[in-house]
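In order, the protein sequence lines correspond to chains A and E.
Everything in the first sequence is counted per the numbering used here, starting at 451 for the first residue and increasing by one.
Everything in the second sequence is counted per the numbering used here, starting at 451 for the first residue and increasing by one.
One should not assume that every hint holds.
No distinction is drawn between identical chains; accordingly, a pair holds when it is met within one copy or between any pair of copies.
What the hints assert, rightly or not - The calculated DSBU-like cross-link candidates involving lysine-lysine, where the alpha carbons are at most 35 angstroms apart (straight line), are: (1) Lys718 with Lys782; (2) Lys765 with Lys718; (3) Lys664 with Lys782; (4) Lys718 with Lys562; (5) Lys538 with Lys638; (6) Lys461 with Lys618; (7) Lys765 with Lys782; (8) Lys718 with Lys461; (9) Lys461 with Lys664; (10) Lys461 with Lys765.
In case anyone wonders, no lab produced these hints; they're calculated from the structure.
Protein chains: 2
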Amino acid sequence: MATTSREIRLKSRPEGMPKADNFELASVELPAPGPGEVLVRNSWMSVDPYMRGRMYDRASYVPPFQLGQALQGGAVGAVVQSNDERFKPGDLVESMLGWREAFVASASNLNKLPNAGVPPQAFLGVLGMPGMTAYSSFHRIGAPKEGDVVFVSGAGGAVGSAVCQIAKIRGCTVVASAGSDEKLAWLKSVGVDAGVNYKTAPNLLDAVRAAAPKGVDIYFDNVGGDHLEVALEVARPFARFIECGMISIYNANEPPPGPRNMSYIVGKRIKMQGFIVSDFMDMREQFIAEMGAWVKDGRIKWEETIETGVENAPKAFLNLFTGANTGKMLVKLD
Amino acid sequence: MATTSREIRLKSRPEGMPKADNFELASVELPAPGPGEVLVRNSWMSVDPYMRGRMYDRASYVPPFQLGQALQGGAVGAVVQSNDERFKPGDLVESMLGWREAFVASASNLNKLPNAGVPPQAFLGVLGMPGMTAYSSFHRIGAPKEGDVVFVSGAGGAVGSAVCQIAKIRGCTVVASAGSDEKLAWLKSVGVDAGVNYKTAPNLLDAVRAAAPKGVDIYFDNVGGDHLEVALEVARPFARFIECGMISIYNANEPPPGPRNMSYIVGKRIKMQGFIVSDFMDMREQFIAEMGAWVKDGRIKWEETIETGVENAPKAFLNLFTGANTGKMLVKLD
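Sequences are here, hints too, so could you generate the full structure?
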């Protein structure tokens, strides 16, 4: 019995901001699973800002996406047919084989998900890569202390909103920057102390200064660019800068100049450190235990922005760069 | 018996590159030392790039220099008269009361120097603040491993040349950037593997790439600006950037834009950390013991560039910014 799967392929490499016609929808007939292989039907897939980097044809920490081939990314789904004893039909699994409705792959590409009393797509958000990204780096690089002032850019997104709430649990004061009053209202409803709407603030530095008059001990950077310059300006001595992403420059053909105030790194003794979530895999068990408990207790909340159907995955991805999502951007596939 | 001392005062705050007329020579009559006070005649004083920062009227990690008052900085000298039992005439002492020939101060401002079999001015260089700056940060932030490739900017100066030699002792490959072939020849004579003359290289990035074809694990930054941008470009994954200074922008009225390639911090997982030598004072005993032994054994060498007479201290200071010094820039006072 053949299974048909629709998938999204990279048709051409974006120059600057990606466009719909960089992607194409295709339909494939999946083979029956061979020995050790499993057939999975995805129920949810994730789109994330980091995927933009894989659309460039350059060496990086993950290989570039290939033209004419299906894109990849986090997905959760159910096992349909299994030739591996570790999986049986109905098992909930995660994989990096998103951007497609179904797939056949070696069982080694799958990770069985627990029945944690949360909706399955949470494993693409607070209990998945974005949550682990937030949890691991905030503790490992940020080294938070009670009373620290934490500034989070891109705070309305999946990672940023998790950081805000973890920081509150750790007794920090949290200042969030996001691109709409709605996002900020939600962030305040989950405990954030002060918000800055970077799209409407006449002057970002003035707005952040007003929100964090004593300065900032930890800056969680999802944005780069002017947010990074402002963070250097308001940083207190020995501030830690968690460099998670710089979405403001991912689409730049000509990389914009960096902060004009880099010398604060010396005088203020700032530690600025980049990371990839896989660097901190030694914290995974701790993350699952602690974050899982916070989610169950309702101490960590999340929002989702959902597109439906694999054909809308490019739209969901493009919307990340206009800030259309509050919380985790997801594509529902079944 | 009155003692006359000539001193250099800050006459006006420099705008951009400091000029001779920002300084003035004055003569003062010193009082006899009171209870607990000591009269010291300086034999050597230090000029250092960080002093430029204190000439701005702004809050920083040290208070700004005051107009019309003598400048301050590291000095070594001999006790002439003492009303404190810890010091006796002839003792060699260091203080932060440089830019003057003699002074009366509370004994608490003095640090007695050991008879270490080295010339006294070494305590303003390899065995003093510049040596401690190099030693502490290279180990604490750089976390060097044998085989690491280390790129040092401003390598011809007191701090940079110490870093180069410490890195060689630790089994690293060292690439040095300096502003003259003479400086590079000396650096190679003390073990540096490859040199880049940033003043004559047609393209700094190409030159550094040629000198460090495998990339760089540790960047010791004395310069900032284009050197920092190049270092981000050639950095290997998990590189450590020791942010000691950014002499290229100390004199800028309009701060220049920062590196265009800041996003490498994320993708390459770079750790960039600023510091002030006083942050690492817990390493002082280790520094004295190990660096002292290396100096005695001849494993650490140094050069000096000397001006004579307190009236030439401004000239010595100004020459730091044109790179006129090889090694430690000193003013001989007696």
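Going down the list of hints, with the structure as the test:
1. Lys718 with Lys782: between (46 angstroms within a copy, 33 angstroms between copies)
2. Lys765 with Lys718: between (42 angstroms within a copy, 29 angstroms between copies)
3. Lys664 with Lys782: neither (43 angstroms within a copy, 44 angstroms between copies)
4. Lys718 with Lys562: between (46 angstroms within a copy, 30 angstroms between copies)
5. Lys538 with Lys638: neither (43 angstroms within a copy, 65 angstroms between copies)
6. Lys461 with Lys618: neither (43 angstroms within a copy, 50 angstroms between copies)
7. Lys765 with Lys782: within (13 angstroms within a copy, 70 angstroms between copies)
8. Lys718 with Lys461: So Lys718 and Lys461 pass the 35 angstroms test across copies only (27 angstroms; inside, 46 angstroms).
9. Lys461 with Lys664: between (49 angstroms within a copy, 34 angstroms between copies)
10. Lys461 with Lys765: For Lys461 and Lys765, the Cα distance is within 35 angstroms only inside one copy (15 angstroms; across copies 63 angstroms).
In this structure, the earlier hints numbered 3, 5 and 6 are contradicted, and the remaining ones agree with it.
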